[in-house]
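*Asks:* Work the whole structure out from these sequences, hints included.
For the record, the sequence lines run as chains A and B.
Here the first sequence is numbered in the working numbering, starting from 334 and rising by one per residue.
Here the second sequence is numbered in the working numbering, starting from 334 and rising by one per residue.
Just so you know, the hints here were simulated from the structure itself, not pulled from any lab data.
Certain hints may be false.
Identical copies go unnamed one by one, so any copy, or any two together, can satisfy a pair.
Listed next, the in silico DSSO-like pairs over lysine-lysine satisfying Cα-Cα at most 30 Å (straight line) [unchecked claim]:
1. 629 <-> 595
2. 581 <-> 365
3. 579 <-> 468
4. 595 <-> 395
5. 595 <-> 365
6. 468 <-> 629
7. 365 <-> 579
8. 395 <-> 581
9. 501 <-> 468
10. 603 <-> 468
11. 579 <-> 629
In this text the structure is predicted, and so the values were computed from the model without any measurement.
Number of protein chains: 2
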Amino acid sequence: MVFDLQAYLDRCRRTINSELENLLPVSSPESKINAAMSYSILAGGKRVRPALCLAAAEAVGKSDSDIAAAACAIEMIHTYSLIHDDLPAMDDDDLRRGRPTCHVAFDEATAILAGDALLTLAFQTLAAAAADSGKEPGLWIEVINILATASGHQGMIKGQMQDIEAEKTPPALDQLEQMHALKTGAIIVASVKTGAILGGGSRDQIRMLGEYAGFIGLAFQVVDDILNVTGNPELMGKAIGTDLAKNKSTYPALMGLAGSQKFSGELISKSLRLLDNFDNRSEPLRVLATYIISRKR
Amino acid sequence: MVFDLQAYLDRCRRTINSELENLLPVSSPESKINAAMSYSILAGGKRVRPALCLAAAEAVGKSDSDIAAAACAIEMIHTYSLIHDDLPAMDDDDLRRGRPTCHVAFDEATAILAGDALLTLAFQTLAAAAADSGKEPGLWIEVINILATASGHQGMIKGQMQDIEAEKTPPALDQLEQMHALKTGAIIVASVKTGAILGGGSRDQIRMLGEYAGFIGLAFQVVDDILNVTGNPELMGKAIGTDLAKNKSTYPALMGLAGSQKFSGELISKSLRLLDNFDNRSEPLRVLATYIISRKR
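*Replies:* The following block contains the structure:
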């Protein structure tokens, strides 16, 4: 039987969206902050990171409902980073996921606070899930440490800072790779490790799945750069050609379009080889890896 | 023997500052984000919240070095909130602790990211301390939950949002009290509870110390409002009279200066009565409560 990725992703998305609706504060006209949090996180993201977390848990064992809570925490961290990256003082973007960005739909102060609140809610969600979970609390402590480290000044935030600096001095290929490993790769690796840890994986399994995630995380970014050249803006819900217009260092700019496509293919092959050490419960991770290079948005 | 508050506070401050220097990333000219984090948190704050955390741990038992790490996490959360509150889109303040605010000393993007990074580092610090600590991991999970809840959309951030809205519609006395309970009170209560939990306090002790903290948290804010009328700007490192100029709802504006002084005294008396249930190891908490109304900055 061929694994149906679309059905799998839809199922993950439904799980995550319904769990997110439980975890998010009730939105009301009196509470602009709650409304802004919901507006941004329920805007219909692809939920790739939570899906990777759930699939990693399945690959080593079983994905329980408390792992869905952890997957939601990851999506909260991802969404907070998008809200803050879009701010006028940062990338100054008006459109995200086909809708006005948070600071455009609300205002700048609300967007800053909504981002702060989602980041904080991520850790609250992890701690609450840990308290209700039958799992060893030490595993949750490890997950909190991994996610905080991946999203902090040694990870995602460091990468975002390098990205801002890169607009002044376009980076060379190795610097670009380091920047992406931090800005988008670290949280993808942490998402997969979170699933592997909470799913009860062995230390070896956690390490190998972390390496798998390192390869697909970089591939994800290379494909993002490719789509910014070749993509369909309607499908993507955002403008294309913006990297070229901003004279940004990208993979297509540094290694050409064909070179970038070849490179992303090689990364996916490497990630798949790591999955050879797992049984057929790793099928979702295998198909997610191939989805990452074939995606159109 | 009379308890020497100044010596106690100095000792707490030294403990916290030296621990913070270990926990913060090394500042370097290449890393603006690390430099901005250190700039803001090592700017010489009073360290009231960490001192309350350490004193609460002492009141129920003993303050170990892993509790100092938790106290530092609290100071990171406090400092992140100051950096973001000072931003142009929020209170637009140029001066903090007698020095240019983070976005003035660096730039807006760096200040947003430095705040994000300190908030994230707080949870990373708690998780790392938990992993190294001999204490039951479940206690740390409880602390992470309490601190995240107190600083998130149900606590500090909700209060900050109400404060922003209050500039349009000045709140009445009960709304003002609710706003302060959220904006500054929640994290003070959480600081004291963190110390009580990690210090090994009983459920009853944790609850009573939480109530103690509720009273001193509100008193702290009433005194802040009083100092904005009567304070010495040089001692305080910031301008005075700014609340009146902005036509803000404050305790002196709503209940007069004498009324505000009487009210803060009553709150402190209530807080002290709760400490009657503790032995003489609660002396630091007792003296901290009286410090809060006698402080000049």
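*Asks:* With identical chains, the pair residue 629 and residue 595 could be close in the same copy or across copies; at 30 Å between alpha carbons, which is it: within, between, both, or neither?
*Replies:* within (17 Å within a copy, 66 Å between copies)
*Asks:* Is the C-alpha distance from residue 579 to residue 629 at most 30 Å within one copy, between copies, in both cases, or in neither?
*Replies:* Within one copy, since 22 Å is at most 30 Å while 52 Å is not.
*Asks:* Between copies, within a copy, both or neither: which fits residue 468 and residue 629 at Cα up to 30 Å?
*Replies:* Classified as neither: same-chain Cα gap 38 Å, cross-chain 49 Å, threshold 30 Å.
*Asks:* With identical chains, the pair residue 595 and residue 395 could be close in the same copy or across copies; at 30 Å between alpha carbons, which is it: within, between, both, or neither?
*Replies:* Intra 34 Å, inter 60 Å, cutoff 30 Å: neither.
*Asks:* Using 30 Å as the alpha carbon limit, work out where residue 501 and residue 468 are close: within a copy, between copies, both or neither.
*Replies:* Close neither inside one copy (48 Å) nor across copies (48 Å); limit 30 Å.
*Asks:* With identical chains treated as interchangeable, where does the CA-CA distance between residue 365 and residue 579 reach 30 Å or less: within a copy, between copies, both, or neither?
*Replies:* between (33 Å within a copy, 23 Å between copies)
*Asks:* Quick one: residue 603 to residue 468, C-alpha cut-off 30 Å, is that within a copy, between copies, both, or neither?
*Replies:* neither (32 Å within a copy, 41 Å between copies)
*Asks:* Treating 30 Å as the Cα threshold, decide for residue 579 and residue 468: within, between, both or neither.
*Replies:* neither (48 Å within a copy, 52 Å between copies)
*Asks:* How do residue 581 and residue 365 come out at 30 Å by Cα distance, when the copy is not named: within, between, both, or neither?
*Replies:* between (35 Å within a copy, 21 Å between copies)
*Asks:* Quick one: residue 395 to residue 581, C-alpha cut-off 30 Å, is that within a copy, between copies, both, or neither?
*Replies:* Intra 42 Å, inter 55 Å, cutoff 30 Å: neither.
*Asks:* My question is about residue 595 and residue 365: at a cut-off of 30 Å on alpha-carbon distance, are they close within one copy, between copies, both, or neither?
*Replies:* Result: close neither inside a copy nor across copies, 46 Å intra and 35 Å inter.
Against the hints set out earlier in the document, violations occur for numbers 3, 4, 5, 6, 8, 9, 10.
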